[in-house]
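Asks: The task is simple: from the sequences and hints, build the whole structure.
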Amino acid sequence: MSMGVKRAAMCASFLLMLIWIGQQYYVRATAPQILLAVQGGDPRDLLSGHYIRYQVDYGNRARCERKGHRGSSQNQCVCLRSDPKTGIAEADWFGACDSKPADCELSIRGVCRYGGMFIANIERYYIPESCKGPLAVAPANSRIEVAVPEQGNAMVTNFYIEDKTAEQYCIDKQ
Amino acid sequence: MSRVHPNKIAQWIEQNLISEEQGEAILKYENSAPSRPWVMYGFYGIGILAIVVGIISLVAANWMSIPKGVKIPTYLLLQLLATLFAIRWLPREGLVREALLAFSGLFYLAGIGLTAQIFNLHSEGWQGILFWLVLMLPCVLLAHTAVISRIWYIGYAIAAFLWYANNYTMAPDQYVKFLVMCALLIWVTVVGDLGQSLFPRVRHFFAVGYRTSLFFLVTIGSIIANVLWVDLRHRTYDELARIYLLIPWLPLALLIFFVALNPARNTKTRQYFVTTYLLLGIFATLPLFIDPQLLPKIVKQIVGCLGFLAVWLNIALAAASSKHKRLFDLASLCIAARIIVVYFEVFGSLTTTGIGLIVSGVFILSVVYFWHRSKPLLSELAEDTA
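These protein sequence lines are chains F and R, in that order.
The numbering used here puts the first sequence at residues 388 to 561.
The numbering used here puts the second sequence at residues 687 to 1072.
Just so you know, not all the hints are guaranteed correct.
Claimed, not checked - So the derived label-pair ranges between C-beta atoms look like this:
(1) 1030/R x 538/F: 52 to 60 Å
(2) 390/F x 820/R: 17 to 25 Å
(3) 820/R x 489/F: 30 to 38 Å
(4) 820/R x 420/F: 27 to 35 Å
Said to hold, decoys possible - Listed below are several chain R residues computed to face chain F (Cβ distance under 10 Å; list not exhaustive):
(5) 758
(6) 787
(7) 791
(8) 794
(9) 797
(10) 798
(11) 801
(12) 803
(13) 810
(14) 817
(15) 820
(16) 823
(17) 825
Since the hints were derived computationally from the structure, they do not count as laboratory data.
Ideal Cβ positions, reconstructed from N, Cα and C, are used throughout, including at glycine.
Replies: In structure tokens, the structure reads:
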């Protein structure tokens, strides 16, 4: 293997990382943003940092079919529509992504887990260490702001409590 | 300084293992050969450790004060510097080169974690680890030491386990799940064995994979297969299950073929290893041909136990033939443990009484003692049968 190929291989890894990070910035900057209601809180303190874990409330339509111990279904989608009064989005349709209706403009992709849970990898929000106390349990009226790209791989961009961001809420409580 | 103590040389001469002339020649060579600069290596190590700990402490102490918009650009700058330094040191040999490659590869994991934290990304874990393994691969292939390869394979094993743990409901039944897990290990063993001869420049990378996956395949694989032989409550016959048959059998056939052709190992050892793979393959997939549900429990227990013992006895013979002491001891331990389990399966109720416990203890000690005594016999057997 020539030295040129070796150098190119090392640079390729760095470029790949750069592209991946760039993609996250792009999604956050360009994808449509929606608000979703969340329930429950489970503060964690792992090596990865402090975060709040919660369940997203998609409304009554987003219910996975219970299939017992063989119930994991991949590639499920939930179509969302925002309520003009509250601004909070709820499920308008739920099912396999392949059979998504044509008028579904905003959809989040995920999987159905054991016990009928729909998981879209947006069930976690990182908070500063100082927020660990005030946010030991996610307060009522908590909402998340989510960037929803066309492919449906949603990303949480903000966590709101009573119209304040989680960070601002912590500062006020301290 | 000599790496062999003169007293040791004297002992070897006394035992007629080497002649006096050879002893003198060894001492002369050892005293003249430049010893490794361990002190310098030690200082290098302490230096690198101090810098890394210092950076971590500095960042950790001020983590919340660093704006989100600064964290990722700073990481990218550090990663770029690490990559450029590693590239610059590529033509040279030595510890600095290896340390830079290892640091550059490992640092990608920190970058993935940081990005996940800032953008609130989370997954089942295996996706992040696999992405890291892809990014780290050039560093692993270019490194000349095996340490970084071992880290890579441990990462692969963790990712495979996490994938399996998160997607276990996808498989139609318990047995097929086990086959998929074993197939992953068999494939790595095949790639590791082939890679060593096909890509001699990165031989160490494939050698580490071959040894690691083979170890897990034989130890964990044969044990789980043995347990499943007895406990197959959720087993169902599915068309899909028959398709899965190809997954372990195809790599297994390839493995036997290439191991048999590989001229690097001696004939006896090769024969034993080929037979081990074959036995393991038969043992793991037999329940797909003969439905264990139809067999009485005692038959399943006997077949399971004999299959397990056949695999491990063959490994013990291979180890004895190739004078591989540690592998032989491992095989001994597994066989002894299985025989003890047989005792508990048959006379398990005895252990609730004091006398039963004493009998059990004596039985265990006897098994260990007889196994220990039979080692030389087994070695002779291995020599004779080969």
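Asks: What hints, given by number in increasing order, does this structure fail?
Replies: none
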